[in-house]
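Q: These protein sequences, in sequence, are chains A and B.
Okay, so the first sequence: first residue is 405 according to my numbering, each after it adds one.
Okay, so the second sequence: first residue is 405 according to my numbering, each after it adds one.
These are computed hints drawn from the structure, not numbers from a lab.
Because the structure is a prediction, the values reported are computed rather than measured.
Careful, some of the hints might be misleading.
Copies of one chain are not kept apart here, so a pair can be met inside one copy or by any two copies together.
[What the hints assert, rightly or not] Calculated cross-link-like contacts (lysine-lysine; reagent style DSS-like; alpha-carbon spacing at most 27 Å):
| hint | residue 1 | residue 2 |
| --- | --- | --- |
| 1 | Lys698 | Lys585 |
| 2 | Lys416 | Lys729 |
| 3 | Lys698 | Lys733 |
| 4 | Lys567 | Lys407 |
| 5 | Lys497 | Lys567 |
| 6 | Lys497 | Lys646 |
| 7 | Lys646 | Lys563 |
| 8 | Lys567 | Lys729 |
| 9 | Lys729 | Lys698 |
| 10 | Lys646 | Lys567 |
| 11 | Lys733 | Lys563 |
| 12 | Lys563 | Lys497 |
| 13 | Lys533 | Lys508 |
| 14 | Lys533 | Lys654 |
| 15 | Lys654 | Lys708 |
| 16 | Lys439 | Lys416 |
There are 2 protein chains.
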Amino acid sequence: MLKNDLLIRAAKGLEVERAPVWLMRQAGRILPEYKATRARAKNFIDFVKTPELACEVSIQPVDILGVDAAIIFSDILVIPEAMGLPYQMIEAKGPWFENTIKSKADVDKLKIADAGDLDYVIKALQLTKKELNNRVPLIGFAGAPWTLFAYMIEGSGSKTFSKAKQFLYTQPETAHLLLEKITQSTINYLKGQVAAGADILQLFDSWAGVLSPDMYYEFSLNYISKICDALSPLVPVTVFAKDAHYATEKISQTSCSSIGLDWTINPQSARSQAGNKTLQGNADPCLLYASEEKIIRETNQMLKAFGKNKYICNLGHGLYPDLDKEKVKFFVDLVKNYKWNS
Amino acid sequence: MLKNDLLIRAAKGLEVERAPVWLMRQAGRILPEYKATRARAKNFIDFVKTPELACEVSIQPVDILGVDAAIIFSDILVIPEAMGLPYQMIEAKGPWFENTIKSKADVDKLKIADAGDLDYVIKALQLTKKELNNRVPLIGFAGAPWTLFAYMIEGSGSKTFSKAKQFLYTQPETAHLLLEKITQSTINYLKGQVAAGADILQLFDSWAGVLSPDMYYEFSLNYISKICDALSPLVPVTVFAKDAHYATEKISQTSCSSIGLDWTINPQSARSQAGNKTLQGNADPCLLYASEEKIIRETNQMLKAFGKNKYICNLGHGLYPDLDKEKVKFFVDLVKNYKWNS
Chain A
405 MLKNDLLIRA
415 AKGLEVERAP
425 VWLMRQAGRI
435 LPEYKATRAR
445 AKNFIDFVKT
455 PELACEVSIQ
465 PVDILGVDAA
475 IIFSDILVIP
485 EAMGLPYQMI
495 EAKGPWFENT
505 IKSKADVDKL
515 KIADAGDLDY
525 VIKALQLTKK
535 ELNNRVPLIG
545 FAGAPWTLFA
555 YMIEGSGSKT
565 FSKAKQFLYT
575 QPETAHLLLE
585 KITQSTINYL
595 KGQVAAGADI
605 LQLFDSWAGV
615 LSPDMYYEFS
625 LNYISKICDA
635 LSPLVPVTVF
645 AKDAHYATEK
655 ISQTSCSSIG
665 LDWTINPQSA
675 RSQAGNKTLQ
685 GNADPCLLYA
695 SEEKIIRETN
705 QMLKAFGKNK
715 YICNLGHGLY
725 PDLDKEKVKF
735 FVDLVKNYKW
745 NS
Chain B
405 MLKNDLLIRA
415 AKGLEVERAP
425 VWLMRQAGRI
435 LPEYKATRAR
445 AKNFIDFVKT
455 PELACEVSIQ
465 PVDILGVDAA
475 IIFSDILVIP
485 EAMGLPYQMI
495 EAKGPWFENT
505 IKSKADVDKL
515 KIADAGDLDY
525 VIKALQLTKK
535 ELNNRVPLIG
545 FAGAPWTLFA
555 YMIEGSGSKT
565 FSKAKQFLYT
575 QPETAHLLLE
585 KITQSTINYL
595 KGQVAAGADI
605 LQLFDSWAGV
615 LSPDMYYEFS
625 LNYISKICDA
635 LSPLVPVTVF
645 AKDAHYATEK
655 ISQTSCSSIG
665 LDWTINPQSA
675 RSQAGNKTLQ
685 GNADPCLLYA
695 SEEKIIRETN
705 QMLKAFGKNK
715 YICNLGHGLY
725 PDLDKEKVKF
735 FVDLVKNYKW
745 NS
């Protein structure tokens, strides 16, 4: 049914003619078209909650950059909000929660969200799926439970997330209760995304890197694994645990289909640890500041290192807002035109 | 001459009765005594520039926590300032540079600093060395060239240091010129520190983790290696490259004596990559929020994993200011009383 199903085939480990390419934060501020749509909402939360606007910016990069997939425009923090912990997005600062979780009583007050609590995302997916008209796959996503937990305890971004980690060290049972509630909410939410048309899912564990390996396995990967088990019978699931350099092998033991890598990871070394999983990544976003000559050299080297099959080309993190759209398109074209047999 | 030379012997790979222990940011806000001294300076820069105050806070943790070394209280950004790029330390925000480096002309204007430009640190070292009366070794330090470069381009802290990285990608020759000037200044400065009494040195590469491995080797480790070559004939040098998980083996090929590790690194795996170098680290600072029981369990596990020789016990990063001083002392005592033969 999909006219371009490269991403799905690559995620499933099937043979492809060329590696698919999409970019984290492709629906974002590098596109003037995004900024124009964004300006029609009164604030970021309102933007996220308006399905027509979310649909518009989700499709823009397919039209403008020629990427092999659309990712639904949304925010990972819609889950805490649906569980009863609202937040604001403060310009140039990031997310901010008026209330944070401090005790078991706070956790008990939270509800387990279902897809109905997030109908605006579901509607945005349905609309985007329809508008895409099967040109490319539609990626759904959620934050990984640990990353959502980190914001719900800390109340905002942090260099160290020391409050969230302190909670793990001092209230481990309550931490597990909260992580379980987030996990159940996320499973409900992602099942709703699949029903609404998501062809593949990605879990973003943005703050994986602040945990030690043992803490990561106990408080993050266990829950990611549950989500993969619930969703992978339906669609492929990619796990992107930023900065969890030690975890590739353990992630490959979950039922995910693909593993996202940041730019500090050596492709060959990841391949040797990832079993039969597909790998996704991992150019440094800052490479796209460089000259075309340098972009060509480093991209070719990366593509060669990963190989054509079981590979999804992407960056190792989201696009930075001040990157030049033309350079980004240059990168996408480069990947699409790479001669795999040379 | 040193009454307690455990740190020096461990750094040199000599036999020890027990592993030495000290803590990054031990001269810092976890101690009420530090806050009292700090209150006598009109601001952070003034504090750093007053040898009597710097001496006082450098010695406090030796008296209060019983650590096996003093580290001179100073700041890594004294080098950019001595080169002609002054900064302010803004409360709750961090460092801020009014002028930043944008071009070769800006680099040309900078001077290569010598120890005389940093006489206030030299005096602080002399005073501290004298006051310590050889009870424990005195650690000198500097920021690694890449980390200083990152601040000089970016002008402040940053989650991504994308401006500094953009500079590497777009002006690599000028970047190397600046890194070379920083390196020469740092060598002059550290030689001055040794002459003033530093028994061992540490290079802090706080922002190593934002670079890809190839960029790290080219723009950071090359310069660290030069500094090690210039200083290691005089005193042992420890290299701490935070988040550069991939670099342990390459760091071990420099002339450093020891390698600092953050808490995401597995001790056994680091040992297998570090050749005959001493390892330093790597407890998660957040462990010190936990119960004594948990601190005992995890610390014992870490000490066993590293082994008694060629090991310096420390955290994987600096102490967080809100940690309880009693818990920190509990950790230090635990390490000092560990039964290595059990």
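Q: Take the hints in turn and mark each one as holding or not.
A: Right, here's what the structure says about each hint:
1. Only between protomers do lysine 698 and lysine 585 lie at most 27 Å apart by alpha-carbon distance; the minimum there is 26 Å, versus 46 Å within a single protomer.
2. For the identical chains of this complex, lysine 416 and lysine 729 are neighbours neither inside a copy (30 Å) nor across copies (52 Å), given an alpha-carbon limit of 27 Å.
3. For the identical chains of this complex, lysine 698 and lysine 733 are intra-copy neighbours only, at 15 Å inside a copy versus 51 Å across copies, given an alpha-carbon limit of 27 Å.
4. Proximity of lysine 567 and lysine 407 under a CA criterion of 27 Å is satisfied in neither setting, with 47 Å inside one chain copy and 39 Å between copies.
5. Both within a single protomer and between protomers do lysine 497 and lysine 567 lie at most 27 Å apart by alpha-carbon distance, with minima of 18 Å and 18 Å respectively.
6. When the C-alpha separation of lysine 497 and lysine 646 is checked against a cutoff of 27 Å, the pair qualifies both within a copy, at 20 Å, and between copies, at 25 Å.
7. With identical chains, the CA atoms of lysine 646 and lysine 563 are at most 27 Å apart both within one copy (14 Å) and between copies (13 Å).
8. Only between protomers do lysine 567 and lysine 729 lie at most 27 Å apart by alpha-carbon distance; the minimum there is 17 Å, versus 38 Å within a single protomer.
9. Only within a single protomer do lysine 729 and lysine 698 lie at most 27 Å apart by alpha-carbon distance; the minimum there is 17 Å, versus 50 Å between protomers.
10. When the C-alpha separation of lysine 646 and lysine 567 is checked against a cutoff of 27 Å, the pair qualifies both within a copy, at 20 Å, and between copies, at 21 Å.
11. In this assembly of identical chains, lysine 733 and lysine 563 lie within 27 Å of each other by CA distance solely across copies; the values are 25 Å between and 32 Å within a copy.
12. In the homo-oligomer, the alpha carbons of lysine 563 and lysine 497 lie at most 27 Å apart both inside one protomer (13 Å) and across protomers (12 Å), since each shortest distance falls under that limit.
13. Neither within a single protomer nor between protomers do lysine 533 and lysine 508 lie at most 27 Å apart by alpha-carbon distance, with minima of 40 Å and 50 Å respectively.
14. For the homomeric pair lysine 533 and lysine 654, neither the shortest alpha-carbon distance inside one copy (33 Å) nor that between copies (48 Å) is at most 27 Å.
15. When the C-alpha separation of lysine 654 and lysine 708 is checked against a cutoff of 27 Å, the pair qualifies both within a copy, at 25 Å, and between copies, at 24 Å.
16. In the homo-oligomer, the alpha carbons of lysine 439 and lysine 416 never lie at most 27 Å apart, since the shortest distance is 34 Å inside one protomer and 58 Å across protomers.
In terms of the numbered hints stated before, the structure departs from hints 2, 4, 13, 14, 16, listed from lowest to highest.
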